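Enquirer: Place chain R on chain L using the hints.
Chains as they are written, first to last, in our numbering: chain L, 1 to 257; chain R, 1001 to 1271.
These aren't lab readings, by the way, just hints derived from the structure by calculation. Keep in mind it's a predicted model, so treat the numbers as computed, not measured.
Below, a list of computed lysine-lysine pairs in the DSS-like style, where the Cα atoms sit at most 30 Å apart: (1) L:K249 with L:K204; (2) L:K204 with L:K253; (3) L:K13 with R:K1191; (4) L:K161 with L:K253; (5) L:K61 with L:K253; (6) R:K1211 with L:K61; (7) L:K13 with L:K61; (8) L:K61 with L:K83; (9) L:K69 with R:K1211; (10) L:K61 with L:K249; (11) L:K161 with L:K61; (12) R:K1211 with L:K13.
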Amino acid sequence: MVIDCHMHVRAAKDGTLDTAYCDATIEAGDLLGIDVFCVSDLQLTGPLTNAEFHAANERVKQAIARHPKRYRGYCYVNPADPKALDEIRARVRDDGFSGVKLYNQHTIDSDVVAPVLELATEWRIPVLMHGGRPNDPVTQQLQPNISTAAHFVRAAERFPKALLIEAHIGGGGDWEWALKHLREAPTVFLDTSGSVIDEWMVDKAIDALGVDRILFGTDMTMEGGVGKILDANFTDEQRARVLGGNFQKILDKRNVS
Amino acid sequence: MSRYEPLFGPGIIDAHAFIGNWPFRRLRHNDAPGLIQMMDTFGISKACVASADAILYRDSHDGNRMLHEQTRPHADRFFLYATLNPAYAGWQRDLRECVDLGFSALRLYPTYHGYALESLETLAIIDAATEAGLPVSFTGRIEDVRQRHWMDVIDNIDPESVLALAEQRPKTTFIMLEAILGYPRDSDIWKRMHALPFYAELTRMTSVLDKNIEIMLGALGPDRILLGTGFPFKTPSPAFLKLQCLNADAETKEHIAGGNAERLFSSKNSS
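Excised from the complex, chain L in its bound form:
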């Protein structure tokens, strides 16, 4: 089974699920051979409020209801919000969401994120965290609290049993810098998504981290996301692990009380 571990749904103008985009994603999956999308709905600007992430997660729930065999959900929260843990508990336990999605409000090693990582570790669910190391001033200014691979290393040292995924090796800047750091964090996974389709990128990620820590994702770069995996230099068995086997193993660890 091919699982895209990093994909999104989005809101229509009226704030409900953009069903056309939701269906177009399934159509793209059919064309490209992607069976399941694990999705979140991101509010990309400003301090995310409880009402905003609740609405975002509601849209994910709607997408799952619309295509129950094709969508799985991440619960997106601002970890600084006092209701963040309640939202995660409700979405994961009651709505069947598979994990937690965090963006760039706080770095993953900060104290404010720690309660989320504690709960996710206890429940054995993955935390997909936006990450990267942008070298350009525009992105640096827009995302001052983006988690770099160095932040992931520190978070993994603090929570060695957490199922942490650094998002999009191809979506956040200097990926070679990221690989150098992630070699030192053997419990951190890395997803392959993002619009950067540099030749040699996935092969270098595998060389640095090993096949078992690499997870297939697109983050909306569909042909690029699939193509970079098809071109990577590994066996069919290794490719199958990256395309879904590794992520399925993570999902199978779930122990929600």
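Expert: Showing chain R alone in chain L's frame:
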């Protein structure tokens, strides 16, 4: 999901490839044998190739000479882009040499080469290339700016600024490589592009979700779109998956896969 199998017949042309080194990131398969190996894997008969070295050499023409030397034993597999800097000494003579050597198109990097896109130098070399029968190409970017080296402070080139330049030289054939043309179906930009000999390559476009290749196809028609991989900077399969996923008939896909490039890059030699 299995490794890509060539879906198209002979005649595939990669309109966007490089040979050479990039000082900020190690490339592999970046010589003529490496590129040919990739082409054979994907059933590509010819690649339109530019010198990666020429982007940052002070004297870009040394890159052109290296490119010509490397590809000469395999001349039937390549069309060559001549990379020149119109703000540098002696470009007129270098352009003539490129024409004599059989180069098929001109490549300009105004940002890397330190002159303004809308400068007199740009217009002068465009006019000279047009006189020689060469299309003029620009790349929107070489690497994603978010991962750039601290010495690489170059921003992307906006395709709209290239379009504005093209409108000043309506008889020149322009090629926009590696840019996002994500304009709405009813945008005037498409009408302006359609009115000119303006070609676009699909490295940064998509056939699914936003479907901007399909929108571009509707706006410009099947004869203006080029398949390109960006290899060895970029991995090649995505380009083919875009063609595979594109909602278009087989004839249209054959145009994009190679027919348009064959017509475009052969025209100088046949004239």
